[in-house]
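**Q** With the hints as constraints, model all of the structure from the sequences given.
2 protein chains.
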Amino acid sequence: MTIAALVFDAYGTLYDVQSMLAKAEPLCPGKGELVTQLWRLKQLEYTWLRSLLQEYEDFWEVTRAALDFALRAAGVEPEDTVRTPLMESYLHLDPHPEAREALAALGGRKLAMLSNGTPRMLSELLANSGLDQWIETALSVDAVRAYKPHPSCYALVESALGVAKSEVLFVSSNSFDVVGAKTFGFRVAWIRRDAGGAAPTLYGMLRGRAEELGHAPDHTIPALTDLPALL
Amino acid sequence: MTIAALVFDAYGTLYDVQSMLAKAEPLCPGKGELVTQLWRLKQLEYTWLRSLLQEYEDFWEVTRAALDFALRAAGVEPEDTVRTPLMESYLHLDPHPEAREALAALGGRKLAMLSNGTPRMLSELLANSGLDQWIETALSVDAVRAYKPHPSCYALVESALGVAKSEVLFVSSNSFDVVGAKTFGFRVAWIRRDAGGAAPTLYGMLRGRAEELGHAPDHTIPALTDLPALL
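As they're listed, the protein sequences go chains H and F. Counting with this note's numbering, you get residues 229 to 459 for the letters of the first sequence. Counting with this note's numbering, you get residues 229 to 459 for the letters of the second sequence.
These are computed hints drawn from the structure, not numbers from a lab. Treat the hints with care, since some could be wrong.
Same chains, same names: a pair is fine if it fits in one copy or spans any two.
Claimed, not checked - SDA-like cross-link-like pairs, simulated, lysine to any residue; straight-line CA separation at most 25 Å:
| # | residue 1 | residue 2 |
| --- | --- | --- |
| 1 | K393 | G413 |
| 2 | K251 | A332 |
| 3 | K251 | H443 |
| 4 | K393 | D422 |
| 5 | K251 | L319 |
| 6 | K259 | A340 |
| 7 | K393 | E253 |
| 8 | K338 | W288 |
| 9 | K393 | P456 |
| 10 | K393 | E283 |
| 11 | K259 | W362 |
| 12 | K393 | S380 |
| 13 | K259 | E440 |
| 14 | K251 | E440 |
This structure is a prediction, so every number in the text was calculated from the model and none was measured.
**A** Structure follows, in structure tokens:
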């Protein structure tokens, strides 16, 4: 196959959304993991629900609303002393450990990111992590006021990068995003990171498996560093 | 206020979706609760994802796919000996204990049901439970090939019942459905059943609280039998 561009999902794929656990635990003692999981689950739900309700709000607002929900559900009052540092952490997420090595090994190819995040969230994330060294284009679904897996999100790639959908390898760890990208017509690599033998949580069971939605990825690999071998 | 019709959600509101636990536990020993919760969470996710993907499949198919996901996630092979009786249970859900008394007390008013379920699922459910004695009209979102909370679902009510949206009291225990109905323009009663002091589960935390989506119900009541006092 000829791949003219690799397009990466951000949250969960290049960046570890669970990396904020280190910040959440001291702010919500004994409840850091619960808050982190509820936050992520509700954040995704709100992107889907707001799309269906036809009441788009941007991802910063969706993320804040989901955080308030998660804090209240965990019995923590969503005061600014808790909310502000947790929201800030979304601009400083750690890249997954192998991300830099993987992107460096793909150097010379057209590399982009397509994310639910707002333009500001994505540019800060790329700058703060230094991944802007390799990722030249950050596409935000905010331009179409819809969230993944709505097809209009994936349609941003072709015009922005000047490539045909069949020449795109889309890379995501999120199984619903894999389905969306595949339905749209990209080639798709699903990053399925091993849970490392830890006891599965309800969160892990909900989000860590292939969806039963009828669209399988072209490739399933355990890490971003397995991408070069696919090309 | 003048209420010309009461429109009920089915799954979770009139009918107890957790009532299949009694069937799930012997079929999936030690995993009945996990399967039941994953099944319901994934079923809702698939209604939202399929709506966004613009790949509608009806609720029977969505429910089956979600069951396969839930069984596999719980480490149970989705064989027909397990799948068939669990799917059948969706046609024989128990009404919530107070449903019959509540509907009887509302007698003489226009009572309808608006549900994600297919026409066949809804007619069997009503017949098997005897609630068709009070519920005269069952509206399925299948007519518009979209799922709640898409506005087109709620728009089915006005033409089918010949009432204005401002004259409808919509009744649901599902907080996303409350938001959808309220956004559309119905008056809304949220049935918020007490968890009864049981330790909250991740499922309960995700689904049992008001959403942070900016549309509050007009009424929050703990049981269907509190409806007559609102009229």
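**Q** Need the list of violated hint numbers for this structure, in ascending order.
**A** Result: hints 2, 3, 4, 6, 7, 8, 11 break, sorted rising.
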